[in-house]
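A.B. asks: Here is what each chain is made of, one letter per residue.
2 protein chains.
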Amino acid sequence: MVNEVSAALIVIGNEVLSGRTQDANLQYIALGLNEVGVRLKEVRVVTDEEDAIVAAVNALRATYNYVFTTGGIGPTHDDITAESVAKAFGVPLRRDPRAVERLLRQIKPENLNEARLRMANIPDGADLIDNPVSHAPGFHIGNVYVMAGIPRIMQAMFEGVRHSLIGGSRLLSKSVTIYIGEGTIATGLAEIQHRRPDVEIGSYPFNRGGIFGTVIVVRGTDAATVEAAIAEVAEMAEGHGATVEVEAPPPR
Amino acid sequence: MVNEVSAALIVIGNEVLSGRTQDANLQYIALGLNEVGVRLKEVRVVTDEEDAIVAAVNALRATYNYVFTTGGIGPTHDDITAESVAKAFGVPLRRDPRAVERLLRQIKPENLNEARLRMANIPDGADLIDNPVSHAPGFHIGNVYVMAGIPRIMQAMFEGVRHSLIGGSRLLSKSVTIYIGEGTIATGLAEIQHRRPDVEIGSYPFNRGGIFGTVIVVRGTDAATVEAAIAEVAEMAEGHGATVEVEAPPPR
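As they're listed, the protein sequences go chains A and B.
Heads up, the first sequence is in the numbering used here, so the first residue is 4 and it goes up one at a time.
Heads up, the second sequence is in the numbering used here, so the first residue is 4 and it goes up one at a time.
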């Protein structure tokens, strides 16, 4: 039986919305979640504004099993994730002595000014998430995991928590590259999808310098079913005269 | 007076949520919108599922001046953007003769099968968006602009429509790089932000191989105000003994 465990990601950052920086966390989190049987089902990129963050946190934590956030947990005035998450949960924000102790591992006491101490303000009832890179912690409260935006720190935090997630059926995927216009095989593809509701078949066309075709990706929780669907797709495409390259199995 | 015109983007694609491909459209659209005075305020990445698309379209078109979507307008069974947008607007999906005519510019009549003709199914009342790359059109209905997901095609569609958008005040930005921990200047930065509500000051810390610091970005609609805020930030940081590099003016 398929047990789907879902997640959403909230990217908090005006710098992504302005186009100044490109998000580098979505893909890492998507792949890492899938390895532990959790499926990323929605991502929202929102501004550094309390209303926007509160609305996204409350909408998504009610809909998905897990919610992750990245960004906005530093010492500056535009870092408002902790207070926004506290507000979303209706709990007070408290200076957390455990978090202060962690800051002191990195910051000399004489440099631990009020701005830096803001990084120890944590919603009441939250547990800390380790930050082995620079010590200022993330936290999780309920099903919401609050992490840094800087990729190296986010990745370290994420690796520390993801094996504690309770995952479901892991989604396997396999692809076949078909060198023919996707419109030629679309009807056959739809028939296979219709016959096989247990897999999800996606078609991703490409045009690489005049060589065009489509990559068909089959995703499902049962390896034999995925393999069978891939074989059907390949056979169907060959029937249309297409050159077909089935993805090699991953190295062991 | 500042006239803010806002936009949201919906990225439709399981392939982005699975981590298989990295979105390449957000940044292009963000920068392009800003040039015509439209600010990207929210992005949602949703699955190729009708309910998810309908919900995102209806939430965002009620909140922002413009909504853009990318992905899901090809000929295969997983391309369901057109019918989902029609459902969101409560209008029928119709086979559009103008769209069929465009498909025939690219596709020989004998190859224009039922699957490919799906690309001519357009919500009633929508206008077509040109696709100079491969002719299969996008469309816009109300304040929603539906575009392809393949970056080269998306970009061509976007360039065709963006100058028809009614923009507001254009957001200017300037940055200063400060080689000191952001916690040291956070209080001074907050004071400048407090005194200058007409600009938005962001702090983006970095650690480049052991050299750390933060990039302060000031955004606002008035060039003189942005310059003045940058000068204040630079002076404040220098007062803390930091090395400061103000972004050079753009080449003329």
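Simulated from the structure, these hints should not be mistaken for laboratory data.
One should not assume that every hint holds.
All copies of an identical chain are treated as equivalent in the list; a pair is satisfied when it fits inside any one copy or across any two copies.
[Unchecked claim] Using 25 Å as the maximum straight-line C-alpha spacing, the simulated SDA-like pairs for lysine to any residue come out as follows: (1) Lys-90 to Phe-215; (2) Lys-90 to Ala-62; (3) Lys-111 to His-243; (4) Lys-90 to Ile-132; (5) Lys-90 to Thr-66; (6) Lys-90 to Gly-213; (7) Lys-111 to Gly-93.
A.B. asks: If a hint holds in the structure, say so; if it does not, say that too.
C.D. replies: Taking the hints in turn, this is what the structure says about them:
1. Lys-90 to Phe-215: For Lys-90 and Phe-215, neither the intra-copy (50 Å) nor the inter-copy (32 Å) Cα distance is at most 25 Å.
2. Lys-90 to Ala-62: Both ways: Lys-90 and Ala-62 sit 13 Å apart in one copy and 22 Å across, limit 25 Å.
3. Lys-111 to His-243: between (69 Å within a copy, 17 Å between copies)
4. Lys-90 to Ile-132: within (19 Å within a copy, 42 Å between copies)
5. Lys-90 to Thr-66: both (18 Å within a copy, 22 Å between copies)
6. Lys-90 to Gly-213: Neither. Shortest intra-copy (53 Å) and inter-copy (36 Å) distances fail the 25 Å Cα cut-off.
7. Lys-111 to Gly-93: neither (33 Å within a copy, 61 Å between copies)
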